[in-house]
Amino acid sequence: MSWDVVGRVRDAVASVYDKTEEVIDEAGQAVDSAVHGAEHAIDDARKGIVEFGEKHGGVVGGAIGHAVSSQIGLAEGATLAVYDAAKGVATLARGVEHLASPAEWALHPERNLERAQTAGNALVAMGKLGTPMSWALNPQENADTAKALWNGVTAGYQDAAKSGDWSKFAGRAVVDVGSFFIGAGEVNAGIKGAEGANAAVHAAEGLNAASHTAEALGATTRAAHGLEGIEDASKVAGNLARSGGDAGQVVRFQREAREVASATEVASDTAARFRGEPFAFGNGVRSLRAEAMVAEGARASRIPDVSKLVDTIRYEANSSSYFTVEAGKRVLTIGSAAFEKTRAGQLLEAAHELAHAQVFDRLVGKLGRAAAEAEYFGPKYAFGTPLYAREEQVVERVARMRVRDYLGGLTPQQEAASTRYINSWKNP
Amino acid sequence: MSQLKPYEGLIKNLRQEIPPSHRREYLPAEKAYALLKEWSGQDFGMDAERWQAWAQANHKL
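As you go down the protein sequences, you meet chains G and U in turn.
First residue of the first sequence? That's 1 in our numbering, and the numbers climb one at a time after it.
First residue of the second sequence? That's 1 in our numbering, and the numbers climb one at a time after it.
It is possible that part of the hints are untrue.
As the list claims (entries may be wrong) - Simulated restraints, written as ranges between beta carbons of each label pair:
{"id": "1", "chain 1": "G", "residue 1": "302", "chain 2": "U", "residue 2": "58", "range": "38 to 48 Å"}
{"id": "2", "chain 1": "U", "residue 1": "37", "chain 2": "G", "residue 2": "343", "range": "38 to 48 Å"}
{"id": "3", "chain 1": "G", "residue 1": "314", "chain 2": "U", "residue 2": "58", "range": "30 to 40 Å"}
{"id": "4", "chain 1": "U", "residue 1": "16", "chain 2": "G", "residue 2": "374", "range": "21 to 31 Å"}
{"id": "5", "chain 1": "U", "residue 1": "49", "chain 2": "G", "residue 2": "307", "range": "37 to 47 Å"}
{"id": "6", "chain 1": "G", "residue 1": "405", "chain 2": "U", "residue 2": "16", "range": "37 to 47 Å"}
{"id": "7", "chain 1": "U", "residue 1": "37", "chain 2": "G", "residue 2": "304", "range": "44 to 54 Å"}
{"id": "8", "chain 1": "U", "residue 1": "30", "chain 2": "G", "residue 2": "285", "range": "37 to 47 Å"}
{"id": "9", "chain 1": "G", "residue 1": "368", "chain 2": "U", "residue 2": "16", "range": "30 to 40 Å"}
{"id": "10", "chain 1": "U", "residue 1": "58", "chain 2": "G", "residue 2": "371", "range": "36 to 46 Å"}
{"id": "11", "chain 1": "G", "residue 1": "413", "chain 2": "U", "residue 2": "58", "range": "19 to 29 Å"}
{"id": "12", "chain 1": "G", "residue 1": "377", "chain 2": "U", "residue 2": "17", "range": "15 to 25 Å"}
{"id": "13", "chain 1": "G", "residue 1": "304", "chain 2": "U", "residue 2": "53", "range": "21 to 31 Å"}
Simulated from the structure, these hints should not be mistaken for lab results.
From the three backbone atoms N, C-alpha and C, an ideal C-beta is built for every residue, glycine too.
Given the sequences, and given the hints that come with them, work out the whole structure.
This is the structure we're talking about:
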């Protein structure tokens with residue numbers, strides 16, 4: 001294919017993208033306007049109910065009017081939260097969808113870099129918010145991040161709160177928190193739940209909504225760190241877009257563009273540079289993947305709250321994994337070697353280090369923190385001592401048993417690798 | 001395993017590849033050398049390459 005032809009194809013694809021974006025923008029604005037128009041209409045109706053109750057029923061009537069109005073506000077807030085969430089996903093999906101296309105990368109590199117940066121930063125930031133330890137370690141940074149994200153994600157909440165409409169706020173909180181735990185397909189159930197008496201309780205959790213949301217988004221966040229991850233995210237986004245009428249056009253155009261790009265091999269090198277890491281626990285920066293690894297290792301180990309055992313989880317290059325205490329903080333480090341392993345191997349590694357953390361925790365329970373630290377990191381337990389060797393054997397057996405049960409079995413190779421490690425410490 | 005096996009840890013410590021911040025895994029080079037001698041019955045001095053070759057040949061890594 002000559003460069004003239006390639007150029008014409010690129011121009012044509014660019015035009016298609018731009019037109020598609022215009023259509024979606026127009027459709028989005030129309031939907032936006034309709035929904036928020038409805039919101040105001042409902043608000044007016046609610047005011048009317050309260051006024052009617054006050055006028056015709058005195059104090060009791062007013063209270064009933066408020067109660068009825070609050071019920072409506074709750075349901076309304078819930079509905080709008082679902083709408084805003086969907087709109088946010090669709091907006092992100094539209095941008096991210098382009099990122100996965102080599103043709104689109106070639107056509108609009110600046111635009112896509114900006115998209116990647118924006119989407120990536122937002123998701124990374126949300127991932128950080130989801131880590132309680134991250135909050136503890138970087139309170140100011142996280143407070144700033146939280147403020148920015150909170151403003152961006154919860155404009156609807158803020159409007160409800162500013163107007164003193166706490167019932168609507170409650171409805172939003174219930175749906176937003178609930179939907180991340182029960183799945184988008186079951187959001188309607190969340191709305192029904194929001195109409196119930198539990199809504200008030202959930203409303204109190206409203207302030208925690210950002211962190212809950214971020215926790216639930218953790219997997220997406222981690223996936224968004226590399227182009228490979230963004231491509232995976234775009235597949236999910238593509239499914240959403242396909243079911244979204246006009247937005248589905250984007251997917252079709254994007255697919256066609258990808259075929260063109262494949263034929264001309266445009267930008268394929270760019271995409272390839274982001275690949276090459278094992279998939280276990282997602283793609284992207286290893287610090288977040290290490291956290292995911294430990295989180296799943298904790299589930300395998302039936303440890304309900306890792307923060308009771310470990311203050312910091314981190315990644316370290318050119319290192320094995322280890323548990324230590326630094327400046328009073330219990331630190332679990334996942335070393336780079338772990339990332340060369342299969343998912344089961346990574347789980348074993350995390351479960352192994354968590355078992356060390358449990359040993360230390362028990363020692364703290366017996367001796368107190370200071371004495372336990374002196375003992376555990378003193379010469380008695382140092383590398384190569386009989387106590388160190390014994391602990392390695394016990395911890396590895398425990399981790400293997402836990403991961404075996406969690407995964408429903410290990411391969412003979414995984415069993416053998418674990419046994420070799422145990423035996424190496426039996427008689428060094 | 002990426003947790004350290006016995007000889008792997010000692011040889012790394014002999015090379016001082018494990019920083020003191022790894023409080024349970026770190027050993028001074030002299031201590032690592034002493035343990036290598038004790039465990040293996042060999043003596044290759046502070047020559048980490050020779051210890052490495054011996055450990056590989058004897059399936060200790």
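Cross-check of the supplied hints:
The given range of 38 to 48 Å is respected by residue 302/G and residue 58/U, whose C-beta atoms sit roughly 39 Å from each other. The supplied range of 38 to 48 Å is met by residue 37/U and residue 343/G, whose beta-carbon atoms lie about 40 Å from each other. The hinted range of 30 to 40 Å is satisfied by residue 314/G and residue 58/U, whose Cβ atoms lie roughly 35 Å apart. For the pair residue 16/U and residue 374/G, the supplied restraint of 21 to 31 Å holds, since their beta-carbon distance comes to about 24 Å.
For the hinted restraint 37 to 47 Å between residue 49/U and residue 307/G, the CB-CB distance of approximately 44 Å keeps it satisfied. Range check, residue 405/G to residue 16/U: about 40 Å between beta-carbon atoms, so the 37 to 47 Å window is met. Distance hint check for residue 37/U and residue 304/G: the Cβ-Cβ separation is about 46 Å, which falls inside the suggested range of 44 to 54 Å. A hinted range of 37 to 47 Å for the beta carbons of residue 30/U and residue 285/G is consistent with their spacing of about 38 Å.
Distance hint check: the CB atoms of residue 368/G and residue 16/U are about 33 Å apart, consistent with the given range 30 to 40 Å. Residue 58/U and residue 371/G have their C-beta atoms about 40 Å apart, which keeps the hinted 36 to 46 Å range intact. Between residue 413/G and residue 58/U the beta carbons are some 23 Å apart, a value that agrees with the proposed interval 19 to 29 Å. Between residue 377/G and residue 17/U, the C-beta spacing of about 19 Å keeps the proposed range 15 to 25 Å intact.
The hint said 21 to 31 Å for the Cβ distance between residue 304/G and residue 53/U, and at roughly 47 Å that hint is violated.
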